[in-house]
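Asks: Based on the sequences and whatever the hints tell you, model everything.
One letter stands for each residue in the lines below.
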Amino acid sequence: MNLRFGKSMPWLGVVLVAVVLLAVPFVAALGGQAWVRIANFAILYIFLALGLNIVVGYAGLLDLGYVAFYAVGAYTYALLASPHFGIHLPFWMILPIGAALACFFGVILGAPTLKLRGDYLAIVTLGFGEIIRIFMNNLNAPINVTNGAQGITLIDPIRFGDFSFAQTGHLFGFTISGPQKYYFLLVALAIVVIVINIRLQDSRVGRAWQAIREDEVAAKACGINTRNVKLLAFAMGASFGGIAGGVFAAMQGFVSPESFSLMESITILAMVVLGGMGHIPGVILGAVLLTALPEALRYGIEPLQRMIFGRMFLDPESLRMLVFGLALVLVMRFRPAGLWPSSQRRRELAEPAD
Amino acid sequence: MLEVNGLRVAYGGIQAVRGITFHVREGEMVALIGANGAGKSSTLRALARLLDPAGGNVRYRGQEIQTLPAHRLVEQGIALVPEGRGVFPRMSCLENLRMGAYSRNDRREVDNDLDHVLGHFPRLKERAQQLAGTLSGGEQQMLAIGRALMSRPKLLLLDEPSMGLAPIMVQKIFQVIRDIAAEGMTILLVEQNAKLALEVSQRGYVMESGQITVSDESSRLLADPKVRAAYLGE
Numbered sequence: 001m002n003l004r005f006g007k008s009m010p011w012l013g014v015v016l017v018a019v020v021l022l023a024v025p026f027v028a029a030l031g032g033q034a035w036v037r038i039a040n041f042a043i044l045y046i047f048l049a050l051g052l053n054i055v056v057g058y059a060g061l062l063d064l065g066y067v068a069f070y071a072v073g074a075y076t077y078a079l080l081a082s083p084h085f086g087i088h089l090p091f092w093m094i095l096p097i098g099a100a101l102a103c104f105f106g107v108i109l110g111a112p113t114l115k116l117r118g119d120y121l122a123i124v125t126l127g128f129g130e131i132i133r134i135f136m137n138n139l140n141a142p143i144n145v146t147n148g149a150q151g152i153t154l155i156d157p158i159r160f161g162d163f164s165f166a167q168t169g170h171l172f173g174f175t176i177s178g179p180q181k182y183y184f185l186l187v188a189l190a191i192v193v194i195v196i197n198i199r200l201q202d203s204r205v206g207r208a209w210q211a212i213r214e215d216e217v218a219a220k221a222c223g224i225n226t227r228n229v230k231l232l233a234f235a236m237g238a239s240f241g242g243i244a245g246g247v248f249a250a251m252q253g254f255v256s257p258e259s260f261s262l263m264e265s266i267t268i269l270a271m272v273v274l275g276g277m278g279h280i281p282g283v284i285l286g287a288v289l290l291t292a293l294p295e296a297l298r299y300g301i302e303p304l305q306r307m308i309f310g311r312m313f314l315d316p317e318s319l320r321m322l323v324f325g326l327a328l329v330l331v332m333r334f335r336p337a338g339l340w341p342s343s344q345r346r347r348e349l350a351e352p353a354d
Numbered sequence: 355m356l357e358v359n360g361l362r363v364a365y366g367g368i369q370a371v372r373g374i375t376f377h378v379r380e381g382e383m384v385a386l387i388g389a390n391g392a393g394k395s396s397t398l399r400a401l402a403r404l405l406d407p408a409g410g411n412v413r414y415r416g417q418e419i420q421t422l423p424a425h426r427l428v429e430q431g432i433a434l435v436p437e438g439r440g441v442f443p444r445m446s447c448l449e450n451l452r453m454g455a456y457s458r459n460d461r462r463e464v465d466n467d468l469d470h471v472l473g474h475f476p477r478l479k480e481r482a483q484q485l486a487g488t489l490s491g492g493e494q495q496m497l498a499i500g501r502a503l504m505s506r507p508k509l510l511l512l513d514e515p516s517m518g519l520a521p522i523m524v525q526k527i528f529q530v531i532r533d534i535a536a537e538g539m540t541i542l543l544v545e546q547n548a549k550l551a552l553e554v555s556q557r558g559y560v561m562e563s564g565q566i567t568v569s570d571e572s573s574r575l576l577a578d579p580k581v582r583a584a585y586l587g588e
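Listed in order, the protein sequences are those of chains A and B. Position one of the first sequence corresponds to residue 1 (this note's numbering), numbered consecutively onward. Position one of the second sequence corresponds to residue 355 (this note's numbering), numbered consecutively onward.
Think of the hints as simulated: they come from the structure by calculation, not from any bench. Owing to the predicted nature of the structure, the values given are computational and were not obtained by experimental measurement. Just so you know, even glycine gets a beta-carbon here, dropped at the ideal spot from N, CA and C. Check each hint, because a few of them may be wrong.
[Stated by the list, open to error] If you want the footprint, here are the derived chain A segments under chain B, 3+ residues with CB under 8 Å: (1) 206 to 217; (2) 264 to 277.
[Said to hold, decoys possible] One side of the interface only, derived from the structure: several residues of chain A facing chain B at Cβ under 10 Å: (3) 220; (4) 221; (5) 222.
[As the list claims (entries may be wrong)] Non-contacting residues of chain B with respect to chain A, defined by C-beta distances greater than 10 Å in every case (computed): (6) 357; (7) 381; (8) 418; (9) 419; (10) 483; (11) 524; (12) 525; (13) 529; (14) 536; (15) 537.
Replies: So, in structure tokens, the structure goes:
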């Protein structure tokens, strides 16, 4: 997000962002650890949205099953670090395994869908997402692999030697709670994914993705190996989903198929589209807004209704979808390129393609 | 340089190209003419592997290439200028041209070629930073040809370069095609505008419902009463 600042006052921008990032978990903790967890989820969603941004924003492949890779990563972590199978591998082994598995599934999904575009691709990926979820739901018989709808509990937290992320600890005289530790881990991961996104944008492969997005036939005629380049987009996006899933499982200590519904895929996609497809600051903004919005409703709507009407009319859950839908419609109507689009994308949507 | 033997193309059950045989020699320009739907573009697309041929074989510089994927053909020196131009509308002219050199990694040479290509198309030089989608049809066609040249092809496949252009633009485009040919480029030209195509090429093939019916030197085809009646509107 400090990209703009970066040009005129590089130091000020970086310092400002760093101070804000450092302060967030401690400020949030004043309102209770729940707020730190919300901040954590915001960053986890930034990570996920930027992973999906590679597939949707850069390569222009509409993927509605992204949550499947998140699920693969989460279950990989859950199965390899819980009493369920009695396996307790360290996280630095599991996260790469989860990423590799998710990557593998990304290629599995990508390979048969190479010739599909737009709506057709969306339908196939949507089906794929559901298949993974239903597998997780039903893989408890004849051999109990995923423990079905009950999910897997007592998942190990992330741990470096004696330094566990689950408990409150002391560091440099500060008291740091579990969620606050996860916060810093997530920020570090998010910075990695942001750097990768930035590097991809101006890379050779980034240009190939842009070419495919604009005209696949012409891209082929230019000598781009469209098959491999598209598979690469799927594989990279999926790997990030897998890593996010692993962190999610460790942070929650519990996974169940419920967390990986179609709604989750759509939410992540909405973050990318609402914020500004293909534009890193936009996607970050979208992820933060869409994570904060339901929480704001949860904590804001009930007192508000009691204040105005004296009682509860609508519960926040049902209102959430209403506000969410309305927000999407309004943004797409008035800012079709997203809230914070790249100049490139604004150009693309400003003039109709011929 | 290019030998096509019994090439067939089918869409579902419908045969668009029914086993055609022709060749292009190094340094010559060959025209493939015919009416709408005769299978000219299908032939070219199959040669560039934008679609899979249903049969036959294609030899390029002595090597069978019908099984190579499209991007490998570009590396081998075969460049296609697609029908309907197919530029990247939201990239600038310069970005489009650089995209043409995607498969190359000799940066300094690419810069030289960029100057050379822009020398052919002064119009594109003026509009280097403009988005390709905002160019006129003729300028887009120039850009598409320029982009193909950026891959340093040995064989250039041109698919209907005159399509949808004003007559004065068509003249300009064909002048450039002549210039490129004069530099020694081997060109296979697919064109509906038979007169123009036969005027610039050395040899020509006439396609009719998926088959080659006549082949001869272009000047003789131009004089052939049957060809004149069928394709030159006389």
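Asks: Each of the hints needs a verdict: does it hold here or not?
Replies: Results of checking the hints against the structure:
{"no.": "1", "hint": "206 to 217", "result": "holds (count 7)"}
{"no.": "2", "hint": "264 to 277", "result": "violated (count 0)"}
{"no.": "3", "hint": "220", "result": "holds (4 Å)"}
{"no.": "4", "hint": "221", "result": "holds (5 Å)"}
{"no.": "5", "hint": "222", "result": "holds (5 Å)"}
{"no.": "6", "hint": "357", "result": "holds (22 Å)"}
{"no.": "7", "hint": "381", "result": "holds (23 Å)"}
{"no.": "8", "hint": "418", "result": "holds (20 Å)"}
{"no.": "9", "hint": "419", "result": "holds (14 Å)"}
{"no.": "10", "hint": "483", "result": "holds (12 Å)"}
{"no.": "11", "hint": "524", "result": "holds (20 Å)"}
{"no.": "12", "hint": "525", "result": "holds (24 Å)"}
{"no.": "13", "hint": "529", "result": "holds (23 Å)"}
{"no.": "14", "hint": "536", "result": "holds (24 Å)"}
{"no.": "15", "hint": "537", "result": "holds (21 Å)"}
Checked against the numbered hints above, the structure breaks only hint 2 and satisfies the rest.
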